[in-house]
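Student: Sequence:
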Amino acid sequence: ATPSGSTPAAAGGDDGGDTGGTTPVAAPPPVSAPPVANAGFELGGQTHSFANPQLMSYAGMNWVKFQHKWGPGNNPQDVAGRINQAQANGFKVLLSIPGSPYPDSIDYAAYVEFLGGVAALGPDAIEVWNEVNIDFEWPVGEINGANYVNNMLAPAFNKSKSVNPNVLAVGGAPAPTGAFGGGCTANGCDDSAYIAQMVAAGAGSYMDCMGVHYNAGATPPSQASGHPAGNDHYSWHLQPMINLYAQLGKPLCFTELGYLSGQDFGGVPPRFSWAGGTSVQQHASWLAEAVSIAANSGRVRMVIVFNVDFTLWGDDPQAGYAMIR
1 ATPSGSTPAA AGGDDGGDTG GTTPVAAPPP VSAPPVANAG FELGGQTHSF ANPQLMSYAG
61 MNWVKFQHKW GPGNNPQDVA GRINQAQANG FKVLLSIPGS PYPDSIDYAA YVEFLGGVAA
121 LGPDAIEVWN EVNIDFEWPV GEINGANYVN NMLAPAFNKS KSVNPNVLAV GGAPAPTGAF
181 GGGCTANGCD DSAYIAQMVA AGAGSYMDCM GVHYNAGATP PSQASGHPAG NDHYSWHLQP
241 MINLYAQLGK PLCFTELGYL SGQDFGGVPP RFSWAGGTSV QQHASWLAEA VSIAANSGRV
301 RMVIVFNVDF TLWGDDPQAG YAMIR
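Take 1 as the starting number for the sequence shown in the numbering used here and just add one per residue.
Hints are supplied without guarantee of correctness; some may be wrong.
[As the list claims (entries may be wrong)] Label-pair ranges, simulated between beta-carbon atoms: (1) Lys69 to Pro228: 28 to 34 Å; (2) Gly226 to Val280: 31 to 37 Å; (3) Ala284 to Ala110: 23 to 29 Å.
[Stated by the list, open to error] Calculated cross-link-like contacts (lysine-lysine; reagent style DSSO-like; alpha-carbon spacing at most 27 Å): (4) Lys69 to Lys159; (5) Lys92 to Lys159; (6) Lys69 to Lys92.
Since the hints were made in silico from the structure, they are not lab data.
Just so we're clear, the structure is a prediction, and the values are computed from it rather than from any experiment.
Every residue gets a Cβ at the ideal spot worked out from N, C-alpha and C, and that includes glycine.
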């Protein structure tokens, strides 16, 4: 996954108004499947290679997240190997299934059908799309929480639950951002505005937990001020993010939670300059503290650490988020 929401944007600026697309259909009634048990807290990590299951287990992880970029014509069997590999190693598997970057349009029916086929393969959880509030992941002019709920989340929930009622249904985590002045434009929404749209559209009826991304922290997770970028936007601090997303009335699943350190890469790319002072030791201790806060919050069902062992380093410094350096 690209941490596309990881660059903090200053709060404020013009509110472009709710110029997201229309809502062509209403959400269908939820299927009568009992919610998956949300009683316990569990920890996992995101990986491409799944090369370090022993170290993941040693760190207390029993979930692994894989991301699959869906496209029309994909076959559910494309992800069967990853499900089987994870479960054979004693891990529960979360599949996050977004689409291609900068989409012109989304074939909702084909996507929902694909998720139904994936659910039949027996994964433990499915996240329905990813960073739905920005034009990197969703068509320009159609970015609106009601569009997501009515056209994708609700049909996907019903399809998946009708096939496999035991799969944990995760609402797609928005990109944490303040780039839209607290509201929306045709190109995106602040996640606070998008969450409000989802609440109004009844999103809580179509998920077992709500996905959250937190990847722009540069202070201890117990703090709610003092971020190097200034202004202390809510998305830069862990507890305000928990408070915001709890509005949906569902347990939270952090499908990406990570800290960036470029200490062992000679610094960070310019657009990630807010993380320039974060050491590898701080990266490690803040991850541990964040997991403790989440586990004891009473609101968080799962934390997936972004990431375990990515190696990509460049303008998108994924390796700087990795636990295994």
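Student: Does lysine 92 sit within 27 Å of lysine 69, going by the straight-line distance between their CA atoms?
Tutor: With Cα atoms ~20 Å apart, lysine 69 and lysine 92 stay inside 27 Å; holds.
Student: Check the hint pairing lysine 69 with lysine 159 against an upper bound of 27 Å on the C-alpha distance.
Tutor: Holds, at roughly 19 Å.
Student: Return holds or violated for the Cβ distance of alanine 284 and alanine 110 against the range 23 to 29 Å.
Tutor: Cβ of alanine 284 to Cβ of alanine 110: about 42 Å, so the range 23 to 29 Å is violated.
Student: Quick check: does the Cβ-Cβ distance between glycine 226 and valine 280 fall within 31 to 37 Å?
Tutor: The hinted range 31 to 37 Å is violated for glycine 226 and valine 280, with Cβ atoms some 20 Å apart.
Student: Keeping to a limit of 27 Å between CA atoms, is the pair of lysine 92 and lysine 159 held or broken?
Tutor: 21 Å, holds
Student: Does the beta carbon distance between lysine 69 and proline 228 stay inside 28 to 34 Å, or does it fall outside?
Tutor: 32 Å, holds
Of the numbered hints given earlier, the model fails hints 2 and 3; all others are met.
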